[in-house]
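**Student:** Assemble the dimeric complex from its two separately framed chains, guided by the hints.
Each chain is listed here by its residues.
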Amino acid sequence: MKNLKVTTGILAMAFLTLTAMSCKDAKKEHNYDEGHNTEMNHDNSDGHHDSDKKEMAMNSNQDGNAEMILKDYFNLKDALVSDDEAKAKEFGAVMKKSLEILAISKYTEEQQTELKEIIEDAVEHAEHISESPIAHQREHFKILSKDVTDLVVITGTANTLYEQFCPMYDKGSAWLSKSEEVRNPYYGSRMLKCGKVQKEIN
Amino acid sequence: MKIVKKIVLVLLVAFVGIQFIPTERNQSDIVPVTDFMLVNKVPNNIKSKLQVSCYDCHSNNTNYPWYNKIQPVAWFLEDHIKQGKAELNFSAWDSLSNRRKSSKIRSIIKQIESNEMPLSSYTKIHSDAKFSENDRNEIIVWIDSLIK
Numbered sequence: 001m002k003n004l005k006v007t008t009g010i011l012a013m014a015f016l017t018l019t020a021m022s023c024k025d026a027k028k029e030h031n032y033d034e035g036h037n038t039e040m041n042h043d044n045s046d047g048h049h050d051s052d053k054k055e056m057a058m059n060s061n062q063d064g065n066a067e068m069i070l071k072d073y074f075n076l077k078d079a080l081v082s083d084d085e086a087k088a089k090e091f092g093a094v095m096k097k098s099l100e101i102l103a104i105s106k107y108t109e110e111q112q113t114e115l116k117e118i119i120e121d122a123v124e125h126a127e128h129i130s131e132s133p134i135a136h137q138r139e140h141f142k143i144l145s146k147d148v149t150d151l152v153v154i155t156g157t158a159n160t161l162y163e164q165f166c167p168m169y170d171k172g173s174a175w176l177s178k179s180e181e182v183r184n185p186y187y188g189s190r191m192l193k194c195g196k197v198q199k200e201i202n
Numbered sequence: 001m002k003i004v005k006k007i008v009l010v011l012l013v014a015f016v017g018i019q020f021i022p023t024e025r026n027q028s029d030i031v032p033v034t035d036f037m038l039v040n041k042v043p044n045n046i047k048s049k050l051q052v053s054c055y056d057c058h059s060n061n062t063n064y065p066w067y068n069k070i071q072p073v074a075w076f077l078e079d080h081i082k083q084g085k086a087e088l089n090f091s092a093w094d095s096l097s098n099r100r101k102s103s104k105i106r107s108i109i110k111q112i113e114s115n116e117m118p119l120s121s122y123t124k125i126h127s128d129a130k131f132s133e134n135d136r137n138e139i140i141v142w143i144d145s146l147i148k
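For the protein sequence lines, the chains are A and B, in the order given. Okay, so the first sequence: first residue is 1 according to the numbering used here, each after it adds one. Okay, so the second sequence: first residue is 1 according to the numbering used here, each after it adds one.
Isolated chain B (complex conformation) (with noise of 0.2 Å):
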């Protein structure tokens, strides 16, 4: 009984600890010029589902749920991120020459053909990230015109 009592006792305190420990937030309040959304005319339904469904791991800035604030989790999240815009940055999408544009768009549209992306760990969370079958096609078709 005791040795319980001490293991919550050091759990929690290893949970208050860990609080402490700084993240890195990926968050902006500048768009750059070199956005996704501001080079390409994006209608406005595709717009908001790829801010909403893409744009926090694969931005500069992510919209932060107030659960991302606590440990472990906002090292689990960080750590998605940073994966994810070296993947693919909406922001500095204009910074890619013709051919990486549309080498990216053919990788965006396997991705979401292939129910890869979003991640289904994002989509659990966030229901309103999920795309329907209509999502899908509605985004691809739209994107697959960019390179044709």
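For reference, chain A alone in the conformation it holds in the complex (with noise of 0.2 Å):
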């Protein structure tokens, strides 16, 4: 009769722990989803852009947002310098969100749609940047590498900037750089000096 009961006891248990993990996982999957839905609301949304205008005003730089995009990237490109994926990581984050509050209504309406795009590639490579190991940090570094190239040709910016190119990585890889002489962020310190200046913007 207490074997009986006790039985019933662990049961009752089983079932109770279950149902109960069931329900977190269901709850999980919809908080997933909510948060993935507002985030997509939030990047179109024009409350959004307005308030971008307000912390732009307040900045009084115009071209306050795409020049934090370039100071993460440069930050980035630096971590991949001295081969330091924990950095890395880190601005990988910082860059993705700096990247999502770009504000674009001051573009023509065909800037604006180029910009879009540019930033939507531009923030899942930053995003992988943030939660990958260095060797594929790099990879993705030379994809955003590209796009931040093509989002300062629309943006333009303050300093002069050096497009750099390592003909070794990757059958060629470019990046940007603030300063005229090389460091290599596809190799790091196994070859940091590998590359060359291939163009200068501004």
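A hint or two may mislead.
List of simulated lysine-lysine pairs, DSBU-like, C-alpha gap at most 35 Å [stated by the list, open to error]:
#1 A:Lys116 - B:Lys101
#2 B:Lys85 - A:Lys199
#3 A:Lys178 - B:Lys110
No wet-lab data here; the hints were simulated from the structure.
**Tutor:** Okay, here's the thing in structure tokens:
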């Protein structure tokens, strides 16, 4: 009789645990989906852009946000140059945020379309960089560099930038730098000075 | 001994119990107009390879094996499919901008080249999904031609 009670008790507990677990799982899923949707709406909502405008006005710097993206990009590049995976992760995440809040309303319609595409792509690469080992970070950095280069063509920048090129990494890869001196983000210390200045921007 | 019996019993009940928890099925009869195969001229041999090796996790239609209807395997797969589709969904290919398409293609090439895709946990069960050296080269060369 006592045995039966114990068994029933254990069974009841097992069921409760399972039910609780399944509820939790379902809830988590729900939240994930919701979060995703909110994020998407966020990107397109006018309200969001308005708040960006306010932020811009406060900065009183017309290109503030694009410069912020560049700043994060260079921090990320420097982290890769010094083979620092953890730092690159950090700056990948920071850059993703800067990309997401870029105010594009002042550009022409055509430019806005292109900027949206660039940002959509760049955000994905920045996100990958924020959660990948260094070899992957470098792969994504290559495409991110192309995105940022195209972005600068539209937004412009206050500083002179140098497009540098390493013929060895992945059949040839470019990146941007603030200084003329080559420091290779694709190889880091393994081949720090591999590459050359390909183009001067500004 | 009694304890062992009880534990076995509990596990058994738990196993039966979790079978009743529903999972989301990734299945669809409709091939959307945005599907990779519809917007690109894919050679037949490559088409079938992509279908077998990629489409289970990277499209709106998974070809479910029988054991996937059993928990907890179903959960494991559901999660993989969700993640896979978030990264790349061949069914929604044409909804991507050209920039993103070429970006995705670069990532596809990298993943196949480095043997990271198809996942080894997947090819262990689906041996037909494994790429030979030849398959790999063929797919990479062809898919690379899309962005050139």
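**Student:** Please name the hints from earlier in the document that this structure breaks, with their numbers sorted from lowest to highest.
**Tutor:** Those not satisfied come down to hint 2.
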